[in-house]
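Peer 1: Throw the hints in and build the complete structure from the sequences for me.
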Amino acid sequence: IIGVYWTYESIVMGREGFETNVIYPHDWNVPSYYELVLVTSEDNVENNPDLVERFVSAFNKGYEQAASDPQGSVDTMLALNPDAEIDEVTDREGVELLAPLWKSGSAEVGSLDGSRWDSLVEWMKTQDLVGDSLVAADAYDSSFSK
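Residue numbers (our numbering): 166 to 311.
Treat the hints as calculated values from the structure; they're not laboratory data.
For clarity, every value in this text was computed on a predicted model and none was experimentally measured.
Backbone N, C-alpha and C define an ideal beta-carbon position, used for all residues, glycine too.
Some hints here could point you the wrong way.
[Said to hold, decoys possible] SDA-like, lysine to any residue: derived pairs with alpha carbons at most 20 Å apart: (1) 226 with 241; (2) 268 with 200; (3) 226 with 268; (4) 290 with 303; (5) 226 with 277; (6) 268 with 233; (7) 290 with 190; (8) 290 with 194; (9) 268 with 281; (10) 268 with 221.
[To be verified] What follows is a set of in silico ranges between Cβ atoms, one per label pair, in the way DEER data are often shown: (11) 204 with 284: 19 to 25 Å; (12) 254 with 186: 18 to 24 Å; (13) 229 with 186: 30 to 36 Å; (14) 236 with 284: 31 to 37 Å; (15) 291 with 201: 21 to 27 Å; (16) 207 with 186: 39 to 45 Å; (17) 240 with 194: 36 to 42 Å; (18) 240 with 274: 18 to 24 Å; (19) 241 with 277: 22 to 28 Å.
Peer 2: This is the structure:
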């Protein structure tokens, strides 16, 4: 299992009797990167900045609430999605693995570290995953998280 799936698929596989081996990208010299990011178009940012700002604000508040009450966040997800096929047991186990990561470090929810983006983009260039012309600072905008 590659790092991004370790808080869900490893739980399901273990419950089904499979041994798992989680591959964490940082163990293979992949720079630290943001796994959960919000994405929108430049057009949306330019033409609907109020909508983007309100969405980001609501998202950040929800994220902070989930970090402070992980099991409560699962309760909310279940209550708001009564018809969805949700594996409650797995989600409850997984959120306990994730919550400490949400609270680690001193950065606030929604903040971005430019040097972290720079390191990732430079590594991606050395791996021929992106073109040499990509500038990390052109790929993100954290102004709506303030």
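Peer 1: Starting from the hint list further up, note which numbers the structure goes against and sort them upward.
Peer 2: none
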